[in-house]
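Asks: The C-terminal position of the sequence shown is numbered 41 in the working numbering, with every residue numbered one higher than the one before it.
Think of the hints as simulated: they come from the structure by calculation, not from any bench.
Cβ coordinates follow ideal geometry from the N, Cα and C atoms, glycine included.
Where hints are given, some of them may not hold.
[Said to hold, decoys possible] Derived Cβ-Cβ restraints for the label pairs, each shown as a range: (1) Lys7 with Tyr27: 49 to 59 Å; (2) Gln4 with Phe26: 31 to 41 Å; (3) Phe24 with Gln4: 24 to 34 Å; (4) Ser40 with Gln3: 49 to 59 Å.
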Amino acid sequence: MLQQKLKLFSLTSSLKTWMILAFFFFYIILMPFLLFLSFSI
């Protein structure tokens, strides 16, 4: 029971880490794109 809980916890924590990484990734890619769009308009 405890081992299963720990496994689930590690899975959710890694998922959170991946979400944060994906957020930064999209932020770094989209910010120059949005700035470019705002300057071209």
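Asks: Using the C-beta atoms of Phe24 and Gln4, is the stated range 24 to 34 Å upheld?
Replies: Since Phe24 and Gln4 have Cβ atoms about 31 Å apart, the given range 24 to 34 Å holds.
Asks: Could you check the hint for me, namely that Gln4 and Phe26 are 31 to 41 Å apart, CB to CB?
Replies: holds, 33 Å
Asks: Just to be sure I understand the hint, the distance between the Cβ atoms of Lys7 and Tyr27 should be within 49 to 59 Å; is that true here?
Replies: Check failed, 31 Å falls outside 49 to 59 Å.
Asks: For Ser40 and Gln3, compare the CB-CB distance with the range 49 to 59 Å and indicate the outcome.
Replies: holds, 55 Å
Checked against the numbered hints above, the structure breaks only hint 1 and satisfies the rest.
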